[in-house]
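Visitor: Construct the entire structure; sequences and hints are all you get.
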Amino acid sequence: DAEITQSPRHKITETGRQVTLACHQTWNHNNMFWYRQDLGHGLRLIHYSYGVHDTNKGEVSDGYSVSRSNTEDLPLTLESAASSQTSVYFCASSESRGFMSTEAFFGQGTRLTVV
Amino acid sequence: AQSVTQLGSHVSVSEGALVLLRCNYSSSVPPYLFWYVQYPNQGLQLLLKYTSAATLVKGINGFEAEFKKSETSFHLTKPSAHMSDAAEYFCAVSALKNAGNMLTFGGGTRLMVKP
Numbered sequence: 009d010a011e012i013t014q015s016p017r018h019k020i021t022e023t024g025r026q027v028t029l030a031c032h033q034t035w036n037h038n039n040m041f042w043y044r045q046d047l048g049h050g051l052r053l054i055h056y057s058y059g060v061h062d063t064n065k066g067e068v069s070d071g072y073s074v075s076r077s078n079t080e081d082l083p084l085t086l087e088s089a090a091s092s093q094t095s096v097y098f099c100a101s102s103e104s105r106g107f108m109s110t111e112a113f114f115g116q117g118t119r120l121t122v123v
Numbered sequence: 002a003q004s005v006t007q008l009g010s011h012v013s014v015s016e017g018a019l020v021l022l023r024c025n026y027s028s029s030v031p032p033y034l035f036w037y038v039q040y041p042n043q044g045l046q047l048l049l050k051y052t053s054a055a056t057l058v059k060g061i062n063g064f065e066a067e068f069k070k071s072e073t074s075f076h077l078t079k080p081s082a083h084m085s086d087a088a089e090y091f092c093a094v095s096a097l098k099n100a101g102n103m104l105t106f107g108g109g110t111r112l113m114v115k116p
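Chains A and D are the protein sequences, given in the same order. Oh and the first sequence: position 91 is 99 in the working numbering, straight run, nothing missing. Oh and the second sequence: position 63 is 64 in the working numbering, straight run, nothing missing.
Check the hints yourself; a few may be wrong.
[Claimed, not checked] Mimicking DMTMM-like on lysine to aspartate or glutamate, the simulated pairs with C-alpha atoms at most 25 Å apart in a straight line are:
# : chain 1 : residue 1 : chain 2 : residue 2
1 : A       : K19       : D       : E89
2 : D       : K50       : D       : E89
3 : D       : K50       : A       : E111
Derived by calculation from the structure, the hints in this document are not laboratory data.
Guide: Structure, rendered in structure tokens:
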């Protein structure tokens with residue numbers, strides 16, 4: 009069965025370190041997204057990609073970067089981790105169907121703690 | 002620009018009672034609307050979606066939602082709550098950009114079901 013997997017599921021890192029969270033999907037979806045989930049804020053969009061070599065900034069992109077070298081993967085990098093980036097991170101993917109909106113499939117999440 | 006407001010960050014109902022979770026949206030274009038459910042320590046799972054067909058949408062686990070354009074609402078209901086419905090629920094609106102789509106989420110509503 010197709011799926012979307014995130015790794016690691018839990019990560020503790022120190023302030024100032026670079027951290028990369030992995031996201032891998034086997035749906036062959038063109039669209040991939042990174043969200044962060046914080047109490048009271050729901051999910052907020054960090055970065056997104058509509059295809060290989062395409063990346064775009066979302067609502068809360070400062071301090072984060074992504075790259076899309078193939079269809080399956082969209083790693084999220086925290087350049088210099090800060091305590092404000094302690095959060096649960098979700099990766100999602102969806103299919104492009106012209107102007108029809110399709111549902112997004114979510115990974116299990118990565119809980120990141122910056123100490 | 003688009004946004005979603007979920008009224009009530011916490012809703013408590015008794016088992017067997019009606020569940021009503023409120024969602025209002027704003028969108029500059031005809032919206033696609035979604036309800037997702039999140040169980041503890043899991044990713045988000047699609048409950049149902051509105052994509053400009055029938056205004057009353059039926060989803061999984063006995064949930065349904067009605068799109069009301071005049072009220073810019075997409076409230077989620079279930080006639081009889083079950084203990085297993087306890088979870089966090091997110092309403093989301095989709096905007097189309099180029100050939101892709103992204104979701105904007107509300108803040109979430111935590112549903113508690115009392116025995």
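Visitor: Looking back at the hints listed earlier, which ones does the structure fail to meet?
Guide: Those not satisfied: there are none.
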